[in-house]
Amino acid sequence: AQKVTQAQTEISVVEKEDVTLDCVYETRDTTYYLFWYKQPPSGELVFLIRRNSFDEQNEISGRYSWNFQKSTSSFNFTITASQVVDSAVYFCALIRGGADGLTFGKGTHLIIQP
Amino acid sequence: EAGVAQSPRYKIIEKRQSVAFWCNPISGHATLYWYQQILGQGPKLLIQFQNNGVVDDSQLPKDRFSAERLKGVDSTLKIQPAKLEDSAVYLCASHRGSGGGAWNEQFFGPGTRLTVL
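The listed protein sequences correspond, in order, to chains A and B. According to this note's numbering, the first sequence holds residues 124 to 237 in order. According to this note's numbering, the second sequence holds residues 11 to 127 in order.
Treat the hints as calculated values from the structure; they're not laboratory data. Misleading hints may appear alongside valid ones.
[To be verified] Listed next, the in silico DSS-like pairs over lysine-lysine satisfying Cα-Cα at most 30 Å (straight line):
| id | chain 1 | residue 1 | chain 2 | residue 2 |
| --- | --- | --- | --- | --- |
| 1 | A | 161 | A | 139 |
| 2 | B | 72 | A | 126 |
| 3 | A | 229 | A | 126 |
| 4 | A | 193 | A | 161 |
| 5 | A | 126 | A | 161 |
| 6 | B | 93 | A | 126 |
| 7 | A | 161 | A | 229 |
| 8 | B | 21 | A | 229 |
| 9 | B | 72 | B | 88 |
| 10 | B | 93 | A | 229 |
| 11 | B | 88 | A | 229 |
| 12 | B | 21 | A | 161 |
| 13 | A | 229 | B | 72 |
| 14 | A | 229 | B | 25 |
| 15 | A | 161 | B | 54 |
| 16 | A | 126 | B | 54 |
| 17 | B | 88 | A | 161 |
| 18 | B | 88 | B | 54 |
| 19 | B | 93 | B | 21 |
| 20 | A | 193 | B | 54 |
| 21 | B | 54 | B | 21 |
| 22 | B | 54 | A | 229 |
| 23 | B | 81 | A | 126 |
Please model the complete structure; the sequences and the hints are all you need to start from.
Next up, the structure:
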């Protein structure tokens, strides 16, 4: 069985602060894929990033960066210089190589205050 | 490219009534998923289709939930009879891959918010 844990239920920061969202996963599979999705108040899930289990390179995309560490089974997401538009619920998710559905964490509600 | 379409967006029913949701995936996407998202939780997979065949329905409460994907395009999810605990957002997602497509990004629709009174 797979499991994704997002221990931070809600985070509130002031605009321009950096913020890190934690994600810890459990799986017995050697091939798997990790994802981050954003869910704004409108409700639609928006894809942000994916990594496969064989690629531990960190990734940076603008103000967003991701740190994948297999040794600690973590896939953390950092927003640098946060903005009000970053306010949303962020989900970390995992899918095994056998192509069944995504296993999501419970999500972290990020509030960016002006 | 048009996104995943779902209807209705909102539905309110009494317990023990029936309800159906419709999903039209992105054109050409072979794989379609239905997820249930209860308030305050992450989405949970209900069923996965590849073309018009069921790949995984292990988490679908089959005594009351049913789903079909005729002709490998549109899909409907039905609940009969509904219970209070079925109140949730029902999300449809699709991706282009078929077979070994776990890598593919799943595109999500806006969801149907169901309230059971």
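These are the hints, each one checked on the structure:
no.	hint	in the structure
1	A:161 to A:139	19 Å, holds
2	B:72 to A:126	23 Å, holds
3	A:229 to A:126	10 Å, holds
4	A:193 to A:161	23 Å, holds
5	A:126 to A:161	19 Å, holds
6	B:93 to A:126	27 Å, holds
7	A:161 to A:229	12 Å, holds
8	B:21 to A:229	24 Å, holds
9	B:72 to B:88	10 Å, holds
10	B:93 to A:229	23 Å, holds
11	B:88 to A:229	25 Å, holds
12	B:21 to A:161	24 Å, holds
13	A:229 to B:72	24 Å, holds
14	A:229 to B:25	26 Å, holds
15	A:161 to B:54	16 Å, holds
16	A:126 to B:54	12 Å, holds
17	B:88 to A:161	27 Å, holds
18	B:88 to B:54	16 Å, holds
19	B:93 to B:21	14 Å, holds
20	A:193 to B:54	24 Å, holds
21	B:54 to B:21	20 Å, holds
22	B:54 to A:229	10 Å, holds
23	B:81 to A:126	34 Å, violated
Of the numbered hints listed earlier, the single one contradicted by the structure is hint 23.
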